[in-house]
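**Student:** The residues making up each chain are set out below.
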Amino acid sequence: MKILNNPLQARNKEEIFSEEIRQDIDCWIAKYPPEWKQSAVMAALRIMQDDNGGWLTTELMDDVAEYLDMSPIHVYEVATFYSMYELKPVGKHKICICTNIACMINDSDSIVKHLKKKLEIGFGEVTEDGRFSLKEVECLGACGGAPMFQIGRKYYENLTPQVVDSILDGLE
Amino acid sequence: MANEVCFRTLEYLKQPWELEEYKSRGGYEVLTHILKNKVGPSEVVETMKASGLRGRGGAGFPTGLKWSFISRNAPGQKYVVCNSDEGEPGTFKDRDILRYNPHQLIEGMVIAGYAIGATVGYNYIRGEFWEEYERFEAALEQARAAGFLGDNLLGSGFDFQLHSHLGGGAYVCGEETALLESIEGKKGQPRFKPPFPAHFGLYGRPTIINNTESLSSVPVILKEGGEWFKELGVENSGGSKLFSISGNINNPGVFEVPLGTPFSELFELVGGMKDGRKLKAVIPGGCSSPVIPGEQMMDLTMDYDAIQKAGSMLGSGAIVIIDDQQCMVKMLDRMSYFYHEESCGQCTPCREGTGWLWRVVNRIENGKGRQEDLDLLESVCGKIAGRTVCALGDAAAMPVRGMLKYFQEEFQYHIDHKRCMVGAGPTKGLG
Ligand SMILES: Cc1cc2nc3c(=O)[nH]c(=O)nc-3n(C[C@H](O)[C@H](O)[C@H](O)COP(=O)(O)O)c2cc1C
Ligand code: FES
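If you read the protein sequences in the order shown, they are chains A and B. Heads up: the first sequence is residues 0 to 171, going by numbering that gives the first Met the number 0. Heads up: the second sequence is residues 0 to 430, going by numbering that gives the first Met the number 0.
Any given hint could turn out to be false.
[What the hints assert, rightly or not] Listed next, the stretches of chain A that the computed footprint assigns to chain B, with coverage defined by at least 3 CB atoms under 8 Å from CB atoms of chain B: (1) 47–54; (2) 75–86; (3) 90–101; (4) 137–150.
Hint data in this document are derived by calculation from the structure and do not stem from the laboratory. By construction, the Cβ of each residue, glycine as well, lies at the ideal position given by its N, Cα and C atoms.
Make a model of the complete structure from these sequences and hints.
**Tutor:** Here it is in structure tokens:
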């Protein structure tokens with residue numbers, strides 16, 4: 000276990016992340032006042048999560064803390080507060096389905112049922128081959144296209160079981 | 000008279016999000032005029048006041064008045080923050096602004112910065128809106144290259160930098176002070192007010208925070224004049240407004256119409272009920288606004304006063320239209336779960352109360368309700384509302400009260416018969 004916040008043991012920033020990752024995070028740091036590097040914590044966690052197949056390990060959170068000169072507990076607080084950070088492995092395609100009111104009255108239940116049956120998993124689970132995971136989410140601000148889900152970064156609206164099949168079959 | 004303000008360019012342009020197209024319909028002319036002619040910042044604020052624009056994020060606070068709370072000449076950094084967190088269930092209008100008219104938002108934010116003497120702005124976009132974020136980023140790039148953002152804008156000596164900040168999935172971050180905490184790299188837990196953001200905002204500096212639609216209205220208001228905007232609407236509800244309309248209807252979408260438009264006209268715009276069903280009820284201003292029975296709604300106009308008089312709220316202008324097949328107990332179950340799930344946990348009445356509300360509604364939904372539960376719900380609502388740091392607690396209590404006021408019968412039926420009064424028969428999990 001590494002001891003953080005100990006200047007003797009602190010690493011150079013260059014040792015923490017690859018150059019590409021650092022450039023990405025540094026772009027975010029540059030948006031905020033110099034003394035507010037921690038404003039980039041949400042972006043840094045997202046970048047690390049994407050780089051790690053969609054979820055965050057404690058080690059990665061510690062790295063983010065070290066890189067942004069934050070205490071690890073502060074980073075854990077952020078990572079556990081916001082619903083888009085995952086602290087357990089997810090599928091290659093994370094399906095986030097909205098079941099809030101506009102989607103619900105447009106029968107999101109039938110989409111949920113279809114997905115659970117097709118993928119043989121429940122909410123919070125990953126398919127055996129690791130390709131899909133399923134997550135119930137709150138209103139995604141696309142209620143006009145209800146029922147809808149998000150896979151990765153993309154929204155899919157006006158879903159029916161048939162549309163769902165063709166979307167999932169079209170993914171790598 | 001539709002599409003006068005935030006959607007004014009949309010029907011004329013192929014790619015209204017592109018700088019050149021936006022400019023072809025008068026985009027950035029107002030900003031250019033202000034900067035070139037050194038229009039007095041107080042004049043800008045006065046026009047905003049005269050427009051009668053009320054904050055489009057839900058609370059309806061007058062935008063011009065909010066801006067006037069900032070003393071422009073006080074030393075030190077000030078900020079303009081845009082709230083594109085759009086998380087109130089039923090609301091999907093800011094998404095369309097980000098996708099289709101990002102430059103008008105940028106222009107509005109620069110003008111806001113000029114008016115209050117801020118040189119930096121942030122647009123807080125909800126984390127799930129990745130595609131909208133990319134569209135907005137592209138617009139920022141174009142605006143920077145064209146000299147509408149950056150240092151010494153158009154040689155005026157005024158600097159303005161604008162950045163986007165992506166959220167991480169938390170409804171409460173739509174609350175303005177939680178949003179500021181979130182930009183500061185913390186959990187999104189609302190701050191106690193006062194002090195208000197105008198005095199102690201982002202990084203402890205004077206800050207104005209406005210909704211995407213409010214800020215996007217700014218260029219048009221300054222171009223056409225405060226009076227013009229005000230006249231679009233009705234008494235106490237100046238201007239036109241974006242309504243996100245969803246539910247059991249034929250043609251859901253975002254519609255810009257003058258405030259004071261009869262609901263029945265909007266109902267026609269969305270093509271009426273799907274599958275020939277009957278209109279049962281309407282949530283007029285987002286999940287947090289109390290439900291109104293369909294018949295009553297048909298006689299109302301869509302403005303702040305009319306909806307308030309009917310016991311609800313115009314809120315963010317998110318209208319959810321509900322047909323006669325829907326069980327109100329099931330709807331309230333889902334809504335109460337939402338507030339329980341999204342409570343930030345800071346205030347005991349909200350953290351515990353939202354869970355309590357949900358568990359009671361959920362047991363009624365599942366045929367395990369008790370007669371005393373209806374009074375219990377009312378009493379828990381009374382213990383949450385008005386007793387928390389932010390309005391999420393009130394937002395959780397209001398829909399419960401609305402449902403019990405108009406649809407108590409359905410709750411009673413669930414308790415007595417252990418199944419739904421309407422629609423698809425027995426509730427899930429019951430024989
Ligand atoms: C729980 C909660 C959620 C909110 N969510 C949003 C939101 O998603 N977008 C928004 O603009 N305002 C939201 N608000 C209102 C903001 O606190 C604030 O009033 C608004 O951003 C101010 O801008 P305006 O005056 O232009 O409306 C929310 C408030 C609360 C209490
Ligand atoms: S309710 Fe599903 S996107 Fe809004």
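**Student:** All the hints need checking, so say for each whether the structure fits it.
**Tutor:** Here is how each hint holds up against the structure:
1. Closer than 8 Å: that is the beta-carbon criterion, and the region 47–54 of chain A has 0 residues meeting it against chain B, so the requirement of 3 is violated.
2. Given a C-beta distance limit of less than 8 Å, the hint that chain B covers the region 75–86 of chain A holds, as 7 residues qualify and 3 suffice.
3. Evaluation of the coverage hint for the region 90–101 of chain A: fulfilled, as 5 residues show C-beta separations to chain B shorter than 8 Å, against a requirement of three.
4. Against chain B, the region 137–150 of chain A contributes 10 residues with a C-beta closer than 8 Å to a partner C-beta. That satisfies the three-residue criterion, and the hint holds.
Hint violations for this structure: number 1 only, all remaining hints satisfied.
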